[in-house]
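S.K.: Using the sequences and the hints given, assemble the complete structure.
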Amino acid sequence: MSAVIDTHGHEHGDEHHDHHGGYSGIMRWVTTTNHKDIGTLYLWFAGIMFFAGGMMALVIRAELYEPGLQLVNPDFFNQMTTMHGLIMIFGAIMPAFVGFANWQIPMMIGAPDMAFARLNNWSFWLLPFAATLLMLSFFMPGGAPGTGWTLYAPLTVQQGIGMDFTIFAVHILGMSSILGSINIITTILNMRAPGMTLMKMPMFCWTWLITAYLLVAVMPVLAGAVTMTLTDRHFGTTFFNAAGGGDPVLYQHIFWFFGHPEVYVIALPAFGVISQVIPAFSRKPLFGYASMVYATAAIAILSFIVWAHHMYTVGMPVTGQLFFMYATTLIAVPTGVKVFNWVATMWKGALSFETPMLFACGFLFLFTMGGFTGLVLSLVPIDIQLQDTYYVVAHFHYVMVAGAMFSAFAGIYFWLPKWTGKMYNETLGQWHFWLTLIFFNMIFFVQHFLGMAGMPRRVPDYPLMFETWNKVSSIGAFGFALSQLIFLYNLFTTLKSGATAPQKPWEGADSLDWTDLPTPVPYHTWEKQPVLK
Amino acid sequence: MKGSKLLCALGGLAAALPATSAQALEWYFPAPASAMALEIDHLHQYVMWLIIVIFVGVFGFMFYACFAHRKSRGHPAEQFHENTTVEILWTIIPALILVVIAWPVTKTVIAQKDTSSPDLTIKATGYQWKWGYDYLKGEGEGISFVSMLATPREQIDAGAQKDEHYLLEVDRELVVPIGKKVRVLTTAADVIHAWWVPAFGVKQDAIPGFIRDIWFRADKLGTFRGQCAELCGKEHGFMPIVVRVVSPDDYSKWVAQQQQAAQAQAEDINKKWDPKELVAQGEKVYGATCVVCHQANGRGTPPAFPPLVGSKVVNGPKEGHIDIVLNGKAGTAMAPFGKQLSDTDIAAVVSYERSSWGNKAGIVQPAEVRARHK
Numbered sequence: 001m002s003a004v005i006d007t008h009g010h011e012h013g014d015e016h017h018d019h020h021g022g023y024s025g026i027m028r029w030v031t032t033t034n035h036k037d038i039g040t041l042y043l044w045f046a047g048i049m050f051f052a053g054g055m056m057a058l059v060i061r062a063e064l065y066e067p068g069l070q071l072v073n074p075d076f077f078n079q080m081t082t083m084h085g086l087i088m089i090f091g092a093i094m095p096a097f098v099g100f101a102n103w104q105i106p107m108m109i110g111a112p113d114m115a116f117a118r119l120n121n122w123s124f125w126l127l128p129f130a131a132t133l134l135m136l137s138f139f140m141p142g143g144a145p146g147t148g149w150t151l152y153a154p155l156t157v158q159q160g161i162g163m164d165f166t167i168f169a170v171h172i173l174g175m176s177s178i179l180g181s182i183n184i185i186t187t188i189l190n191m192r193a194p195g196m197t198l199m200k201m202p203m204f205c206w207t208w209l210i211t212a213y214l215l216v217a218v219m220p221v222l223a224g225a226v227t228m229t230l231t232d233r234h235f236g237t238t239f240f241n242a243a244g245g246g247d248p249v250l251y252q253h254i255f256w257f258f259g260h261p262e263v264y265v266i267a268l269p270a271f272g273v274i275s276q277v278i279p280a281f282s283r284k285p286l287f288g289y290a291s292m293v294y295a296t297a298a299i300a301i302l303s304f305i306v307w308a309h310h311m312y313t314v315g316m317p318v319t320g321q322l323f324f325m326y327a328t329t330l331i332a333v334p335t336g337v338k339v340f341n342w343v344a345t346m347w348k349g350a351l352s353f354e355t356p357m358l359f360a361c362g363f364l365f366l367f368t369m370g371g372f373t374g375l376v377l378s379l380v381p382i383d384i385q386l387q388d389t390y391y392v393v394a395h396f397h398y399v400m401v402a403g404a405m406f407s408a409f410a411g412i413y414f415w416l417p418k419w420t421g422k423m424y425n426e427t428l429g430q431w432h433f434w435l436t437l438i439f440f441n442m443i444f445f446v447q448h449f450l451g452m453a454g455m456p457r458r459v460p461d462y463p464l465m466f467e468t469w470n471k472v473s474s475i476g477a478f479g480f481a482l483s484q485l486i487f488l489y490n491l492f493t494t495l496k497s498g499a500t501a502p503q504k505p506w507e508g509a510d511s512l513d514w515t516d517l518p519t520p521v522p523y524h525t526w527e528k529q530p531v532l533k
Numbered sequence: 534m535k536g537s538k539l540l541c542a543l544g545g546l547a548a549a550l551p552a553t554s555a556q557a558l559e560w561y562f563p564a565p566a567s568a569m570a571l572e573i574d575h576l577h578q579y580v581m582w583l584i585i586v587i588f589v590g591v592f593g594f595m596f597y598a599c600f601a602h603r604k605s606r607g608h609p610a611e612q613f614h615e616n617t618t619v620e621i622l623w624t625i626i627p628a629l630i631l632v633v634i635a636w637p638v639t640k641t642v643i644a645q646k647d648t649s650s651p652d653l654t655i656k657a658t659g660y661q662w663k664w665g666y667d668y669l670k671g672e673g674e675g676i677s678f679v680s681m682l683a684t685p686r687e688q689i690d691a692g693a694q695k696d697e698h699y700l701l702e703v704d705r706e707l708v709v710p711i712g713k714k715v716r717v718l719t720t721a722a723d724v725i726h727a728w729w730v731p732a733f734g735v736k737q738d739a740i741p742g743f744i745r746d747i748w749f750r751a752d753k754l755g756t757f758r759g760q761c762a763e764l765c766g767k768e769h770g771f772m773p774i775v776v777r778v779v780s781p782d783d784y785s786k787w788v789a790q791q792q793q794a795a796q797a798q799a800e801d802i803n804k805k806w807d808p809k810e811l812v813a814q815g816e817k818v819y820g821a822t823c824v825v826c827h828q829a830n831g832r833g834t835p836p837a838f839p840p841l842v843g844s845k846v847v848n849g850p851k852e853g854h855i856d857i858v859l860n861g862k863a864g865t866a867m868a869p870f871g872k873q874l875s876d877t878d879i880a881a882v883v884s885y886e887r888s889s890w891g892n893k894a895g896i897v898q899p900a901e902v903r904a905r906h907k
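First to last, the protein sequences are chains E and Z.
Using my numbering, the letters of the first sequence map in sequence onto residues 1 to 533.
Using my numbering, the letters of the second sequence map in sequence onto residues 534 to 907.
Just to be clear, a hint being listed does not mean it is correct.
[Unchecked claim] Heads up, simulated SDA-like pairs for lysine to any residue below, C-alpha to C-alpha not over 25 Å straight-line:
1) Z/K646 to E/P317
2) E/K504 to Z/S605
3) E/K504 to Z/A610
4) Z/K786 to Z/D652
5) Z/K862 to E/K533
6) Z/K604 to E/N425
7) E/K348 to Z/V619
8) Z/K646 to E/G315
9) E/K471 to Z/K695
10) Z/K604 to E/W431
11) E/K200 to Z/E611
12) E/K471 to Z/R686
13) Z/K872 to E/G245
14) Z/K714 to E/Y489
15) Z/K604 to E/D510
16) Z/K872 to Z/A837
[What the hints assert, rightly or not] Stretch-level coverage of chain E by chain Z, calculated; a stretch enters the list once three of its residues show a Cβ under 8 Å from a Cβ in chain Z:
17) 142-152
18) 156-163
19) 288-300
20) 312-318
21) 323-329
22) 381-395
[Unchecked claim] Just the calculated beta-carbon pair ranges, DEER-fashion:
23) Z/G895 to E/T319: 53 to 61 Å
24) Z/L558 to E/F492: 36 to 44 Å
25) E/M55 to Z/G849: 38 to 46 Å
26) E/A242 to Z/F678: 23 to 31 Å
27) Z/C599 to E/L532: 40 to 48 Å
28) Z/R832 to E/A481: 29 to 37 Å
29) Z/S650 to E/P317: 14 to 22 Å
30) E/G245 to Z/G590: 47 to 55 Å
Just so you know, the hints here were simulated from the structure itself, not pulled from any lab data.
All C-beta atoms, glycine included, are put in the ideal place defined by N, C-alpha and C.
M.R.: Structure follows, in structure tokens:
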């Protein structure tokens, strides 16, 4: 570990800690290289995208409220499903966790900032451009792609120019992710405070270290897949066209080689947040720290050899199906270890249930349900019935929404007092949790039934026998959306006029940021690194 | 099935049901009509029971802790944070449970992939947005037809009263004999589709340029319905699969009927059609094949689906118009219809388009279409 680095260009002794690099207003945010500012930018961006993607989900659920086409045409419906997926994954969930990483990793490991401060600025500022490009595809002739977020060939070849906008947007999003990941890896490996060995790091830093490696490994693969789509569309290549010696299924193999690790790119940081929150509110150290690290690494490694379980119906040879089935079921082992560890952490603690802990428990319960339906889907014969039905939609929303999104809410309620020095309204927080939990299940639990009864996904209309559950699901969706307004209200009133947070509102929180930094945290922290014994 | 009922109760959602239609509440696999579908059903129940037991066990601990180990009840926080024995046990036991699950499942996977020695081989070709069926081998060899959605557009777009099999009815059903091993070869002409009949427990992607196969052996008489399962463009939700399972005798009768009809319809390619008849025939073909994209008023939904009203192709030379219908247009949803429609039907629909909605470009005879085949 090198000496303390002064990264923020203090030139005058009389400058105080709250200066923002000499700029004010919008230019402060454009030019900032401060990890806290950039973390904030990521989180606001993710929030905006969350509501944009949510609006699209409401269009989908409104159209599916009853059989028949009422509100949108099938073409626009397909555009909605595509963009809802892309925006939620690349615009909302991933940036939200990068935002947490920016805020928390330097504070947790005792580093003054991220390793590459200017690169960090660029990683973020690529995102608004990518998002703009993605949104512009709606206004192109033919609209946005109607292919689903998976962008399967050869349907992609039939799309209008909006497809090309989406491809370039994915390129830029990938660049942003790779740069951000390099920064996180470098920061964690090189800038830990003296005495902060890897195995002493908070679990959140471990999960992000492993996630960052996953991202560096798989984002180029996605870039390759969409670039091949681009050249198939415009430059006469036939990677995915049998008439020229290609194969449409090749696209799926490449896409899911990215796509499955991507699932853990989203899930692992969520695990990290939960691993901070549960011990804090159990007032007890995380159970099985070492096995938690090994389990995280095992999940990451296994995630590279299970991709074709998304493709059981493409007609693989029986050996292929068996290999991918066995490898996939194996993931249940390290994932089980994590769940058992969390429950064991709570066991014989002194539990209290403030909003962050409620969201963490909600995560634990619902994410495990998503894991179990994942086990059902991993079994080839059952998956043959369920592939491309609403059962799959229900499964991955249990993992993405009840997993990643619940975890993100847990993180925001948990760290907001630290970041802002303001305390959110606990009553509103609890209302937000319970309504979100109820409406989430109302939307997605019934979709298991729809899938088993035979409703395909990505359809704008459906046979009459699916009507009841679709109604329940749609009503749930609007309740869910309204519940998020409670969060917005709570957030804005907290920022504007929230009560002053105590120095340490969560008595069980034990990472460096809680124990050794003031609340609210100053603009610059750890200019002098702590030394751990 | 009982397992899922328990899950249903866990969700506690029955109370949240709004009173809607009189339709029975569907929430489980459709009744199996093949041994394979039954096997899948059994595997699912087996796995669900294991899952429920584990779920209740693990969350029993969590909820007990949530109740009994609360700070507000004065429970002191113990500080233990590892236990090697327990950690090893809860790694090994789940791994063993997986083996117990994998064993029966593996046998089913191997059986599912065994498409050898079928009694009947049928090719299913996915088109945007219908299915083409060719009976390749076995009784009925040579029968070939296209099967498309029979639900009227008014029920879909205009809120007309929907009938019982809304979106699950086709103009021509696939007919198979009961108890015979049917091998289905799937392929597609444009994008990826998926051929799926839940009651038989079969689903297989139909991939353009490649042939894949699956098999089923129906053990119940009746009509079984499924839908395309792979997003294939705007009418993805509107290309159902309907299979009628009949007794061997009825099957033989059906085959004879089909063959007679095919002979009767063997077209005289050189027949000169009366323009009015041709246009009337063309309107039918247009209504079945072209209307979803180009619309009944010929105005399309530009830019993806261009208008035919005043179109340069439609009002230009006949050859260009015939070619685009025969061969399609690469990179768009315009499919090559030469493989799906007879020359007479193509001549009819081209004539209809050239003389409707104010277009006045004259009619085309079947022989002219035949001449444009490459």
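S.K.: Determine for every hint whether it applies to the structure shown.
M.R.: Hint check results:
As the CA atoms of Z/K646 and E/P317 are separated by approximately 8 Å, the hinted pair is consistent with the 25 Å bound. Simply put, E/K504 and Z/S605 have alpha-carbon atoms about 19 Å apart, close enough for the 25 Å limit, and the pair holds. Between E/K504 and Z/A610 the CA atoms are separated by roughly 18 Å; this keeps the pair inside 25 Å, and the hint holds. For the given pair, Z/K786 sits about 17 Å from Z/D652 by alpha-carbon distance, which is consistent with the 25 Å threshold.
Distance hint between Z/K862 and E/K533 is unfulfilled; the C-alpha atoms sit about 72 Å from each other, more than 25 Å. Between Z/K604 and E/N425, the direct Cα distance comes to roughly 21 Å. Compliance with the 25 Å bound is thereby established for this hinted pair. A hinted pair counts as satisfied when its Cα atoms are at most 25 Å apart, and E/K348 with Z/V619 qualifies at roughly 16 Å. Proximity of Z/K646 to E/G315 is assessed by CA-CA distance (about 9 Å); at most 25 Å being required, the pair is judged to hold.
A threshold of 25 Å between alpha carbons decides the hint, and for E/K471 with Z/K695 the separation of about 17 Å falls inside it, so the pair holds. For the given pair, Z/K604 sits about 21 Å from E/W431 by alpha-carbon distance, which is consistent with the 25 Å threshold. Distance restraint check for E/K200 and Z/E611: the Cα-Cα separation of roughly 20 Å lies within the 25 Å cut-off, and the hinted pair is therefore satisfied. For the hint linking E/K471 to Z/R686, the alpha-carbon distance of about 23 Å falls within 25 Å, and the restraint holds.
Taken as a hint, the Z/K872 and E/G245 pair is honoured in the structure, with Cα atoms around 21 Å apart against an allowance of 25 Å. Under the criterion of a C-alpha separation no larger than 25 Å, the hint pairing Z/K714 with E/Y489 is inconsistent with the structure, at around 62 Å. Restraint check for Z/K604 and E/D510: the C-alpha separation of about 18 Å stays at or below 25 Å, so the hint holds. Between the alpha carbons of Z/K872 and Z/A837 the distance comes to roughly 23 Å, so the proposed pair stays at or under 25 Å and holds.
Counting residues of the region 142-152 of chain E whose CB lies closer than 8 Å to any CB of chain Z gives 6, so the stated coverage by that chain holds, three being the minimum. Counting residues of the region 156-163 of chain E whose CB lies closer than 8 Å to any CB of chain Z gives 3, so the stated coverage by that chain holds, three being the minimum. With a cut-off of 8 Å between beta carbons, the region 288-300 of chain E has 4 residues touching chain Z; three or more are needed, and the interface restraint holds. Counting residues of the region 312-318 of chain E whose CB falls under 8 Å from any CB of chain Z gives 5; the rule of at least 3 is met.
Counting residues of the region 323-329 of chain E whose CB falls under 8 Å from any CB of chain Z gives 3; the rule of at least 3 is met. Counting residues of the region 381-395 of chain E whose beta carbon lies closer than 8 Å to any beta carbon of chain Z gives 7, which meets the minimum of three for the stated coverage. One distance hint, 53 to 61 Å for the beta-carbon pair Z/G895 and E/T319, holds here, with the actual separation near 59 Å. Evaluation of the 36 to 44 Å hint for Z/L558 and E/F492 yields a pass: the beta carbon distance comes to about 42 Å.
The hint said 38 to 46 Å for the Cβ distance between E/M55 and Z/G849, and at roughly 44 Å that hint holds. Evaluation of the 23 to 31 Å hint for E/A242 and Z/F678 yields a pass: the beta carbon distance comes to about 25 Å. The given range of 40 to 48 Å is broken by Z/C599 and E/L532, whose C-beta atoms sit roughly 33 Å from each other. At about 36 Å, the CB distance of Z/R832 to E/A481 agrees with the hint of 29 to 37 Å.
Judged by the Cβ atoms, the range 14 to 22 Å given for Z/S650 and E/P317 holds: they are separated by roughly 19 Å. For E/G245 and Z/G590, the hinted distance range of 47 to 55 Å is satisfied, since their beta carbons lie about 53 Å from each other.
The structure is inconsistent with the numbered hints 5, 14, 27, although it conforms to all the rest.
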